[in-house]
Each structure stands twice: as structure tokens, then as C-alpha cells.
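Novice: Chains as they are written, first to last, in the numbering used here: chain A, 576 to 926; chain B, 692 to 1353; chain C, 10 to 217.
Just so you know, the hints here were simulated from the structure itself, not pulled from any lab data. Heads up, the beta-carbon is just placed ideally off N, CA and C, and yes, glycines get one too. Be a bit skeptical, because a hint or two may be false.
Cβ-to-Cβ under 10 Å is the rule here; a few derived chain C residues that face chain B [said to hold, decoys possible]:
{"id": "1", "residue": "His23"}
{"id": "2", "residue": "Thr28"}
{"id": "3", "residue": "Glu43"}
{"id": "4", "residue": "Pro66"}
{"id": "5", "residue": "Leu68"}
{"id": "6", "residue": "Asp80"}
{"id": "7", "residue": "Leu125"}
{"id": "8", "residue": "Gly126"}
{"id": "9", "residue": "Ser136"}
{"id": "10", "residue": "Lys139"}
{"id": "11", "residue": "Tyr147"}
{"id": "12", "residue": "Phe177"}
If you want the building blocks of each chain, they are given just below.
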Amino acid sequence: MMNLSQIGIRSFLSGLLLLLASLCVSSCAGIQTSINPAGPQADQISRLWWLMFSVCTGVFVLVMIFTLLAIKRGHGYSQEPTRAPDLDPALSAEQRKRNVVIGAIIVTTLILFVFLIASFKVGRSMTSELANKNGLTIEITGHQWWWEVRYMDPSASNVFTTANEIHIPTGVPVTFSLRANDVIHSFWVPNLSGKKDLIPGKIATIWLQADRPGVYRGQCAEYCGLQHAHMALWIVAEPQEQFDSWRQNQTRTAIQAVTSSEQRGQQVFLSSTCVMCHAVNGTPAGSNFGPNLTHIASRSMIAAATLPNTRDHLVQWVTDSQAIKPGNKMPQNNLSAEDLNALLDYLGSLK
Amino acid sequence: MKQQSKHIKQATVELSTAQLAREKAELERTWARPRGVIGWLTDTDHKGIALRYVVTAFVFFLFGGLEAALMRIQLARAENHFLSPDLYNQVFTVHGTTMMFLFAVPIMTALGIYLVPLMVGSRDVAFPRLNAYGYFVYLTGGILLYTSFFLNIGPDAGWFAYVPLAGPAYSPGKRVDIWAQMITFTEISALCGAIVVIGTVFKMRAPGMSLHRIPLFVWAQLVTSFMIIFAMPAVMLASSFLASDRLIDTHFFNPAEGGDAILYQHMFWFFGHPEVYIIFIPALGFVSSIVITFSRRKIFGYTAMVLALIATGFLGFGLWVHHMFATPLPQMGQGFFTAASMMIAIPSGVQIFCWIATLWGGKLSFKTPLLFVLGFVAIFVLGGLTGVMLASVPLDLQIHDTFFVVAHLHYVLIGGAVFPLFGAFYFWFPKWTGRMLSERAGRWNFWLMFIGFNLVFFPMHQLGLKGMPRRVYTYLPETGWGSLNLLASIGAFILASGVVVFICNVIWARRVGEVAGDNPWSADTLEWSVASPPPNYNFHDLPTVNSRYPLWSRLENSPIVRGLSTVKRETLVTSVLDAQPELRFEIPGPSIWPVLLSIATAIAFIGGIFTPWAFLVGALAAFGVFAGWFFGDPNHENKTARNTGERSKTPLTNKELQPGEV
Amino acid sequence: MSARLVIDVSELPHHEFDTYDPVWWGNNFLLAIESSMFAILIATYFYLRQNFAQWPPPLGQLTSSLNPLPDPGYGTANTILLLLSFIPMILVDVSARRGYRAAAQRGLLVCLLCGLGAITLRAFEFSAVKFYWDSNAYGSIVWFMLGMHLLHLITLSCETLLLTVWSFAREFDMKHRVDMVALAVYWYWVVGMWIVLYAIIYFTPRVG
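If we strip away everything but chain A, and leave its shape as in the complex, we get:
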């Protein structure tokens, strides 16, 4: 029986180590992964992670080896519990053990100091001072359950508002000013940096930088109610020129409806409940309760990065968004087939 359990422990621990090893290999991919860094901060943090991971693995393995050795040594004895207990172990052995234990404690303390210093170093390099070098400031407001994104600019005409999809130029730090109007949310794009909470009544600031172009997914990291699970965002990092032209387009008011279907769609939009919550710049629709739709067709996802922005998905979303994100604030819309079609034509034209 005892050998069985011993073998069991051993095989299990080796299984555990295998699992640990698999961890190193398999998590280095993905667009929402903290150890697949695409920016200087995430990079620093992931280095810190690998330092701590390898040291901690070593510590774990050592502790397990000593535990197993202790078990092995103790196994030579009979199982009967009636043997006289040992209240006076040999002094020399106890002193040897004492020295080992004290040594282990000293080593533990030293390791912790190394961690502490490494952690301070990384922390210092992440403070927001750096961000002031760059003019680009983006204000993020968390809502239940989407992200309002406002690009700030000294010139008021260049300020614009979008939602859930944030374009940034590569290679430069971007300041994010974070706030919330309802409950606490947390802004987190793992490939670029750690998270920061959006707290009603407070303003938090972080900066991010993407070193290479790409799409990075972020997700709300503070429980914020029913649809916390579907409150994601995309950061699209692109070269400066591309970013500039995107930005240029976003500052414009909405494209005029051209075709008759689009014009009818605009009428549907303006005469239905849509205008109660959504804004389309350049039309009378100006509510900020829901995402700004001025350039919705230029975004690749809808419903806070939940669904790809296709016509089918838009139809589902407009008619019955509750089936997709139960509890979200968008009401059901009963539109006739023609009206719906026209509305989608119109939305599809809002590049």
C-alpha cells in the first residue's frame, strides 16, 4: 500500500511537471495573451513573468524533492503506530536540519528581494510620465457594456467619438484617460500592457505602445454586470500614414445617403427608437447613450467586439439584440422587412 502511494505521488508530480512544461510552450500565441507581447510594457512584464516563473518552478521542484526524500526515508519503518514516539531526536541530526532550514529561509528571503527589485524596476518603467511625449490622447469611457472612445485634439473640430475599436499608430506611446459613468470596468489589452480600472468619480491614466502592426483584443476585466463577458474591444495598430488617413476619415461627418434605399434607411433611423441612444454626426441624431454610429461601417466588429460586422449580424442585432447579449440596453425593434433592409443599407453606407 505504501509503495503504491509513493509511486502514485511520484508519477503524479512528474505529470504536474509535464503540465508546467506544456504551459511554457503552448501559451505563446493569440491576440489576447499577456505573454505574447507586442509593446514595450507587455514585453517588460512578460520578461518579469518568465523570471518569476523559472525561479518559482525551481523552488517548487526543490521543495517537492525534499518532501519525497523525507517520505522515502520515513518509509523504512513499520506501519504500526504503537512504536515509542521520538521526543528526544539526536541532537546532531537536529542541528544539521536546523542549519538546512535556516539556509532555506535565507535563500527564500534573497529570492524575494530579487523579485521585489525586479518588480520595482519594471513598475518604474511603466509609469505614465512617458506618455506626455506624444500628442495623442484617447479618452475611454466604460459603459454597461461597451467602450466609448474619444480622440482628443487641441482643435475641437478634430475631436471625434467612436466605439469599441481603437486605432493607434505603431511605435509611439498613446495616452489613455479612463473614466466610467456607471459601474467599475477595467481596461485591459494583454498584448500591450496590464489593466487599469475605470472608476466612477475618478480618472485614471495609462499609456500603451504597439511596436508592430496588428489587431489586439482587449476585454473588460472587472465584473460589471450581466454582459461583462461580452464587453471587448479591439486595438488596431497601424503605421502612422494609415492611422492618419483613418483618423482623417473619422473626423468627417457621416456620408450623405445617396441611393433611395439609403435615404429611406436614414428616415427609418431618424424616425425610430434608434435616435434615442445613437448619434450619427451630420444628422439630427446626437444621443450619446449608445455607441456613435457615424462611421459604423468602418468598424470590423459590432456589439463590443462580439460579432463580426456583417449584414447578417447587424440584422440579428437590430431586430433582437437580447438574443445575442441578454440584458444589454438595446431594445428589440420590430421593423418591416423593407424598412430593415433600407436601414441596413444606410448603416452599411456609413463608412
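Please arrange chains B and C on chain A, whose structure you already have, making use of the hints.
Specialist: Only chains B and C this time, still in chain A's reference frame:
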């Protein structure tokens, strides 16, 4: 002590069998426990109360486990529709609340309430009625939570109930109010338990059990109780503020009127982090007891262990901000909390090293309790190491509020508390019931739980690194989290099957388990010197101790205590530091007042959800109960003294050797 | 069982004052819980203060010239009353220890009156705070502090009442003399806590 020592004499006496039998009969009568429903409501015996706590808390553990299973089914694949988001949010809130408040804290206190008086050599706890009250209040809180959950109005703002999400604007209805009042109930209960344990450890120890002879189990309970005293008021205030914001429109957490959402987090975590240690320090006590018994040698580094427990208790209050690193806080403060959070690894390390050193060169007896302790070492060390990672601010910002933290906290709490707890069940079950649990089933139990546990929670580390946030009811297929989640869900059912084996084992053992005898493990502490299960009065004659391991160092040579009444519920009160006899303290018998007081409490706090006037009614009822409590109990002290006189004391017959001071 | 070494405790008393009695410890640990509660309450008071440019906040746009500080009159009266109540309570404390029944009874009666007086004055203190609990966070925390202390005044008075009745109706036994000494400790604590709260509520807003 100096004042009382003149009253104590040492002697050698002959005790005839007939005399002992008569005393025994008298003790049985004096300490008889009332029967029936009324008996259940009035009983104050610490063992009875503790076993109720154990059973109730274990039932809540099963509920919490079922909720966990529901969550694992829901998360087994992407975009699953097994639970609606509303139900999922209720389930994870109730799961967390149950496991923390209705299972972990009460069951740890319960083992203390059962074992501390026996380990220190007392007939009961210091305040048995307060103890009974604590149980009823706890039961009320649990019933309140589950009634609301089964009515589908369970709390859904998380076990932490952050404002403003839990505030009046974003959580209308009664859900969060129920959560807040349930917190109050369980905190009152925990505070009662803490006072009971401290009082017992301070004043009821057997003569000779000076501070350096207190078993490590008892030290752990003592440190925990002190932590409860300083941590729980914070969450009681936080939940009261929350309730009053919701019910009478105060503005503690409303930023529009000068309130502050972060204030809530400070208050909650000032309690919430020590809470982890409140759960896990008692488990360290179980581990020490088991390691000492099954390595059959004295503990290595007793003093270091005690100091480590106390250091953990202090440091535990300096870490709370590491739950809030992602909030906009000043940088400098964070440095302090990082350092403190890392330093707490040192006392934990000291204990792990000392246990290994004890096992090293011990003569191991490889029974199920020891197996659970070894499982604890493996899991807890891993959880502790990820804890060190979370203490680092930059790294925390990446893994905070992700599944990495879910993995970490379960490694610490299941590894650090539940594995030792199951070890403790196997270890003390014979003492509680007189029968042994099956070793064979115990091994199955252990391996299923150990393998299942690691399958559930190890992949979660990786999920966290891959960006999966906590408290999401579903996830998109594109995230690539599906396979690891499926693995975790499969593991959950292996873990659960381990618990099922345990339940079967208990049912089997209650009926046909091997009869245990007084001390089946040849363990060292005083609870093993009495029958299994112990008689109502615990000890026929209270023992005195002359060593840290009384049963291993010839207890029979140590004097016994004579002169306590056999017809009144008396026990010995000793001095705090060196445990010298001071008083013959009278323990109250069965009483209806604790349960009535808990009803008054329930009127105030459950009624308070609906109208503030309920507090007035509850307070008046409570005053009535107190008056009854104060005047209602017979003044048995004088009555019995008149009736029985000197005959009542276990007499000291003939042959006094040398009268004098002990 | 044959010859056993025993210690004989039959001559030990049943009750003794202070650290001897578990009741004394139980009482003090309850007070430790309440102390940490008040400590957190006070910390909350100063934490919330950081959110205000002016503390207490101005009484409103039109009345900003009015003084928003709480009137210290009733609070001061209450402080004096509670400080004076030390005298009868010390009398109770000492006579309980020495076994002077009549003196203890008189002391308890005076204390009971002091307690009722303090409760009455507290009712006026609430009106001296120029905000309601639902006006703003300042009002909430000050009402809460006054209210929690009021709760202790009420509990204290109830306990005094019970012991007073006991001392007249039943025996002046050791058990209840120990209770009276514990009551005195509680009384000193409640008064001491009030001095702290009084200084914080009425005077800290005037400085800084």
C-alpha cells in the same frame, strides 16, 4: 496566581472503584444533554454545537460545489447556453459567498470549538451560550442566502459586491440587501466563535499548560481568532454602509455626493485578505497535528512555528491593497504592499520547511490524513508561489482578475485549507464518532480529489495568461480557450467524485466502521486521552500536563485535578500565562435564550431589508431576551451550594503527602 | 486505579475580579471588536474628507456664508455629563469590589440617570449637525458615528438597568459583583470612545 496558590494542595490519594463509579454517574447526570426538539434548541455542549457547525458547513460546501459544477458545465465550451447570464452571475456570487462565509470560516471555527476545550483539558468552552448563539445566527444567514437563491433572487454582484454595481442605482431589488445582511449574520457568528475560542485558550487550559506547551493546533486557532476580531468589523461596516446606502439613501459610496467607490474596496479587502488567513491558519494547525502524530516525533522548530503563525497574523493585515493594484492608487503605497505581500511567503516557508524537517527522519505511518497533508504541501506550495507573483504590481496588472487568479486562490484555499480539512476529517472522525473511516476508501478519496483538483485548476493558470477574465458567463470560440476549459470541466467531475467517495465513506463508517478506541493513532494531545466520542463532561478528572506532548510523556505521572463539583457544571479556570489554577468556574447548562436572541437578531436584520422599523422591533426583542437571560436562569450557584454542600466535590481522601504550593 | 497524585482545587473561589474571571476577558474582547469598528469608522471619516474641498461642505449655494460646522453645544454638554458619570461609576466599581451593596445601588441609579441623560442629549446632537444622513457623504458618516455611539449608550443603559434591578431585587452575590466591575469597564470605554469622537466630530473640521 500568587493570590490563589494558598488554596491548592498537592497529595497522593487512593481512589476506590466504587467512588469513581459514583462520581461518574453524578457527572453523567449533571452534564446530561437535553433531548428532543427543545433539547436541540437549548443544548450548549461545545461538541454538539461544533458537530452541528461541521454538518451544516459541509452541506453548504456541497451546495457550493454543485454551483461550481454548474459553472464548469456552462464554461465547458464556448458560447454555451446552459445557464443564462443572470443565473450564472447568481451562481458564481452564491458559490463564492457560500464557500467563504458559510463553509470555510465556520468549519474551521467548528473544529476549534470541538477540539480546543479537549486539547487544553477543559469541560467546555468559556462561553457556551454565546457559542450556541453563534451557531443559530450562522444558520439563519445560510438559510436566508439559500432561500433567496432558490427563489431566483439570489445576490448577483459577486461575493465582493463592489459598488456602484452593488449600489442602489445598478442593483435594484433585494438581492444585494440579502447579501449584505447575510454577511452581518456570518460575521456575528464568526466573532462569537472567536471570543469563545480566545476565552477558552486564555482561561481554561489544564494546569501546567503554559504558553510554550500549547499544542500548535490551539495556537493556530488562537491567532485566527485574533485576526477575526480585527478583520471582521471592517466587512460588517462595509456591508452596513452598503445596506444603508441602499435602504436609507446615505452616500458613503456615491461619488456624486462626496462618497467613494474605492473606500468600499479598502474596507472589503482590509477584511478580505486577512479572511484568507483566517481560513488557512487553522488548517496549518490540522497539518501540525497530523504531521506530529504520523511522523511519531516531536515537531521540528516549535517556537519558529508559533512565531511564524503570529507573524502571518500580523502581516495578513498589511496586504489588502494587492487586490487593488489596478485601481488608480499612489505609486508609493503600492511599493509597501508589494513588499508586505512578498514577505508573507517567509513565515509560510518557515512552516513548510519545519514540516518537511519533521517528516525527515520521522518514522512515518502512512495513513490517509498524512496523505492529505502531503497533497496539501504540493498544492499549497504551488499556490503560494503564484501568490508571490501576484504581489508584484506589474505582473499583477496582467494576471489580476483573470483565471490565473482563480487558479491561484483555489490552489491556496483548496490546497491550503480543504486538503488539510479532509485530512482532519479522517484524523478526528474516530474521536467524533467512535469509528474509523475506511483507509481504502480514504486513498481513493485522496487520489480522486488530488488528480481532479489539479485537472480543474492547473489549466486555469494558462487560461489567465491567455487573457481569459474572471466572472465571464461565456467566451467567444475565437479566443481559443475552449479545450483548456473542457479539461477543467472534466477535472471538476473527478474532484466531485472524490467528495462522493468521502460521503459514502462517512455513511459506511457510521454504521460498520472499525471501532476506534480512545487513541487509534497513538497521538499526543489530550483529546485522545478520553473516550471516543468523549463523554459530555469531557474529562472525569481534569488532567494536568507536564509537556508539549502530554500523551507521549507519561501523563499518568502528572497529577490530576480533584475538588471540582460533580453535581454542578464546574471547570477549572487557570491563569493566562502559566496556567496556574485560579477559579472553579461554573459553566452554564442548557439554555433557550441563545436561540431566542438569534430570532431577535433575525427580526432586526432580515426585517431591516424591508423596513428600518424592524431594527427597533428587533432591538426591543433583544432587550427582552437579555432581561430573560439575565434573570431567567436559575441562580444555581447558590441553590446547588445550599443543597449539596461539600459532598458535591470530588473528594480528596486520606494520605495527604505534603500540603503546600504546587 | 490506585494511588494517584492529585492537586486539590476544592478551596478555590468561584469568582474573582479582573483577569481571573473569563467574563472579564470576554467583555474586553467584545470591546476590542467595537474598538476596531470605531477605528475603521474614524478612518472612513478622514478618508471621505479627502473628497471634499470644504469639510463640512457648504450648506448650499445661497447660504454659503452660513457656518456648516456642527454646533458643539449639546456635544459639549454630553461630554461633561459623561465625564461626571465617571464619579458614580467609580463608586459602583469600588463598592462592587468591596461588597458595599447600598453604595453600589446608589451609584448604579445615578449612572442610569446619566445614561438616560446622555441618550437624550444625543438626540439633540443629531439636530446640531447641519446635514441629514442622506444629504451627502459628510452627513452620512457623522450620523453613523453618532448613531453607533448612541447604540452603545443604549446598550450600556440597558445593562445598567438590569444590574440595578438585580442589585435591589436579588442577592448582591459575587457573580453579579464581577458583572458590575465588567460594566464599569464598559462604561469607561464608552465614555473614552466618546471623548475621541467628540474631538473628531466637533473640532477636527475647525483645524486644517
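Novice: So, against the hints stated earlier in the document, which numbers end up violated here?
Specialist: 5, 6, 7, 8, 9, 10 and 12
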